[in-house]
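What follows is the residue order along each chain.
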Amino acid sequence: MSDLRRWSEEDATPEELSLLELARRRRAEPAQRAAVLSALGVGVATTAAGAAGAAGAVSVTTKLAALALLASAGVGVALLHSRAEQRAALPAPSAVAVPSSAPTPAPRELAPAIAPTAPALAPSEPASDSANAPSEAKGVAKSKSAPAASSSLSRELSVLKQAHDAIARGNPRGALAALDGYHARFPQGALGAEETVVRVQALLALGDRARATAIAHQFSAAHPDSLYAQRVERLVSGTK
Amino acid sequence: MDSVLTLRASERKFCSTHRRVRSLVDDHLDAVVRTLAKLGVAGSMLDDAAQQVFVIATGKLETIEVGRERPYLLGIAVRVASHSRRTVQRRRESPLDELAMPQAAPLPDQLLDERRAYALLEAIVADLPDGMREAFVLFEIEELSAGEVAELLEIPVGTVASRVRRAREHIRQSLLRAREP
Numbered sequence: 000m001s002d003l004r005r006w007s008e009e010d011a012t013p014e015e016l017s018l019l020e021l022a023r024r025r026r027a028e029p030a031q032r033a034a035v036l037s038a039l040g041v042g043v044a045t046t047a048a049g050a051a052g053a054a055g056a057v058s059v060t061t062k063l064a065a066l067a068l069l070a071s072a073g074v075g076v077a078l079l080h081s082r083a084e085q086r087a088a089l090p091a092p093s094a095v096a097v098p099s100s101a102p103t104p105a106p107r108e109l110a111p112a113i114a115p116t117a118p119a120l121a122p123s124e125p126a127s128d129s130a131n132a133p134s135e136a137k138g139v140a141k142s143k144s145a146p147a148a149s150s151s152l153s154r155e156l157s158v159l160k161q162a163h164d165a166i167a168r169g170n171p172r173g174a175l176a177a178l179d180g181y182h183a184r185f186p187q188g189a190l191g192a193e194e195t196v197v198r199v200q201a202l203l204a205l206g207d208r209a210r211a212t213a214i215a216h217q218f219s220a221a222h223p224d225s226l227y228a229q230r231v232e233r234l235v236s237g238t239k
Numbered sequence: 000m001d002s003v004l005t006l007r008a009s010e011r012k013f014c015s016t017h018r019r020v021r022s023l024v025d026d027h028l029d030a031v032v033r034t035l036a037k038l039g040v041a042g043s044m045l046d047d048a049a050q051q052v053f054v055i056a057t058g059k060l061e062t063i064e065v066g067r068e069r070p071y072l073l074g075i076a077v078r079v080a081s082h083s084r085r086t087v088q089r090r091r092e093s094p095l096d097e098l099a100m101p102q103a104a105p106l107p108d109q110l111l112d113e114r115r116a117y118a119l120l121e122a123i124v125a126d127l128p129d130g131m132r133e134a135f136v137l138f139e140i141e142e143l144s145a146g147e148v149a150e151l152l153e154i155p156v157g158t159v160a161s162r163v164r165r166a167r168e169h170i171r172q173s174l175l176r177a178r179e180p
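Chains as they are written, first to last, in numbering that gives the first Met the number 0: chain A, 0 to 239; chain B, 0 to 180.
Quick caveat, the hints were computed from the structure, so don't treat them as lab data.
All values derive from a computational prediction rather than experimental measurement.
Do not take every clue at face value.
Restraint-style ranges between C-beta atoms, simulated for each label pair [said to hold, decoys possible]:
hint	chain 1	residue 1	chain 2	residue 2	range
1	A	G237	B	I154	50 to 60 Å
2	A	E8	B	V65	44 to 54 Å
3	A	A213	B	E61	19 to 29 Å
4	A	P13	B	T158	49 to 59 Å
5	B	R18	A	Q187	39 to 49 Å
6	A	H222	B	R115	40 to 50 Å
7	A	S236	B	D26	33 to 43 Å
8	B	S15	A	H222	27 to 37 Å
9	B	R21	A	H216	35 to 45 Å
10	B	E150	A	G206	56 to 66 Å
11	B	R165	A	A33	14 to 24 Å
12	B	H82	A	S236	54 to 64 Å
Selected chain B positions facing chain A (Cβ under 8 Å, derived; list incomplete) [unchecked claim]:
hint	residue
13	V20
14	R21
15	D29
16	V54
17	I63
18	Y71
19	R115
20	A116
21	Y117
22	A160
23	I170
24	Q172
25	L174
26	L175
Heads up, incomplete: computed chain A residues facing chain B, CB under 7 Å, no partners named [stated by the list, open to error]:
hint	residue
27	R24
28	A27
29	A34
30	R168
31	I214
Glycine included, each C-beta is placed from N, C-alpha and C at the ideal position.
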């Protein structure tokens, strides 16, 4: 009596067994499968980066998931603050991959937008790889020959990260140059909204509030529903 | 920062991560969707919840032991479903009452009408009290071991056994009631 066996091995009636069988036969619908794969960025295209980069209208969820993949691959960067992130965080409020080095304190108004906080779904152990490949350093940041797989989104991220770091180092002009490069290389980039946020921050850091405001207004007019619209408006209004 | 500078090494890992995520979905989406549905997540919430389960799992990939993916995913599914139930006010009335079984046609012994049988099953499982439902779905439908169920529900194995047995009894009574004219 104490050891639990399956109902079928105990006293289930034929009717109960048929119901159980029926329950076990249920399969996910193809649309559900496609939606999950797409949310994870492993769907349509062969890579997350391809999937995210290919579509102009990549959802925040998709981008977030792609970033989560990157994060779990050791690129501990997350530029996003989103509802999806909060939703995803609920059952597993876990360790975040906060780059411990963070050498340069970001300017005050930068911190909330691009806090070096990986989404809560980042793995608890950030990349062991990062420790043992310092020699690749310079080459990679400039490399154009990264493998096709995953390279597009990774490179987009890398450019945005460069720009962010430049601002943090007090070099907003460098940041803007990097962002101009981003536009040229990724006209259909999946992280266009993130690019706008960083650009607005760079302009503010440069003291060009007029242009920052113009870009912020233009962005929030074009994407009134975007989470970033509020963000950039707050930035230019000085209320964070 | 070093995270940017080691992109290439990271990308290699990215690819294997990508493969593992893909096979998680391929191998376990059916079970995840089944479990969520049985635990009361319905309609468009179901799609969202399924995505959520895999997004969460993807973030914790390195902590998932090879060969233990299914219990792990179903554990997340249980928590996501529970959150989803708290978010959406559950229907107060018993789903069995809504089923409106035609009285002239008692349930056929061989369950010829699968669709109706399925609706009946959903209603009966939905009617189980919380706690019993999770234990029953994971043990009898997803066929996890009692130990796995205990671990992921964080209850003793003995409690799993008693909940599953009570759930069976509950279901048996529901079936009898569904037969009554």
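Status of the hints after comparison with the structure:
{"no.": "1", "hint": "A:G237 - B:I154: 50 to 60 Å", "in the structure": "53 Å, holds"}
{"no.": "2", "hint": "A:E8 - B:V65: 44 to 54 Å", "in the structure": "29 Å, violated"}
{"no.": "3", "hint": "A:A213 - B:E61: 19 to 29 Å", "in the structure": "44 Å, violated"}
{"no.": "4", "hint": "A:P13 - B:T158: 49 to 59 Å", "in the structure": "29 Å, violated"}
{"no.": "5", "hint": "B:R18 - A:Q187: 39 to 49 Å", "in the structure": "26 Å, violated"}
{"no.": "6", "hint": "A:H222 - B:R115: 40 to 50 Å", "in the structure": "47 Å, holds"}
{"no.": "7", "hint": "A:S236 - B:D26: 33 to 43 Å", "in the structure": "49 Å, violated"}
{"no.": "8", "hint": "B:S15 - A:H222: 27 to 37 Å", "in the structure": "35 Å, holds"}
{"no.": "9", "hint": "B:R21 - A:H216: 35 to 45 Å", "in the structure": "41 Å, holds"}
{"no.": "10", "hint": "B:E150 - A:G206: 56 to 66 Å", "in the structure": "58 Å, holds"}
{"no.": "11", "hint": "B:R165 - A:A33: 14 to 24 Å", "in the structure": "39 Å, violated"}
{"no.": "12", "hint": "B:H82 - A:S236: 54 to 64 Å", "in the structure": "35 Å, violated"}
{"no.": "13", "hint": "V20", "in the structure": "5 Å, holds"}
{"no.": "14", "hint": "R21", "in the structure": "5 Å, holds"}
{"no.": "15", "hint": "D29", "in the structure": "5 Å, holds"}
{"no.": "16", "hint": "V54", "in the structure": "5 Å, holds"}
{"no.": "17", "hint": "I63", "in the structure": "10 Å, violated"}
{"no.": "18", "hint": "Y71", "in the structure": "11 Å, violated"}
{"no.": "19", "hint": "R115", "in the structure": "11 Å, violated"}
{"no.": "20", "hint": "A116", "in the structure": "6 Å, holds"}
{"no.": "21", "hint": "Y117", "in the structure": "6 Å, holds"}
{"no.": "22", "hint": "A160", "in the structure": "4 Å, holds"}
{"no.": "23", "hint": "I170", "in the structure": "7 Å, holds"}
{"no.": "24", "hint": "Q172", "in the structure": "12 Å, violated"}
{"no.": "25", "hint": "L174", "in the structure": "7 Å, holds"}
{"no.": "26", "hint": "L175", "in the structure": "10 Å, violated"}
{"no.": "27", "hint": "R24", "in the structure": "9 Å, violated"}
{"no.": "28", "hint": "A27", "in the structure": "4 Å, holds"}
{"no.": "29", "hint": "A34", "in the structure": "5 Å, holds"}
{"no.": "30", "hint": "R168", "in the structure": "11 Å, violated"}
{"no.": "31", "hint": "I214", "in the structure": "24 Å, violated"}
Going through the hint list in order, the structure does not satisfy hints 2, 3, 4, 5, 7, 11, 12, 17, 18, 19, 24, 26, 27, 30, 31.
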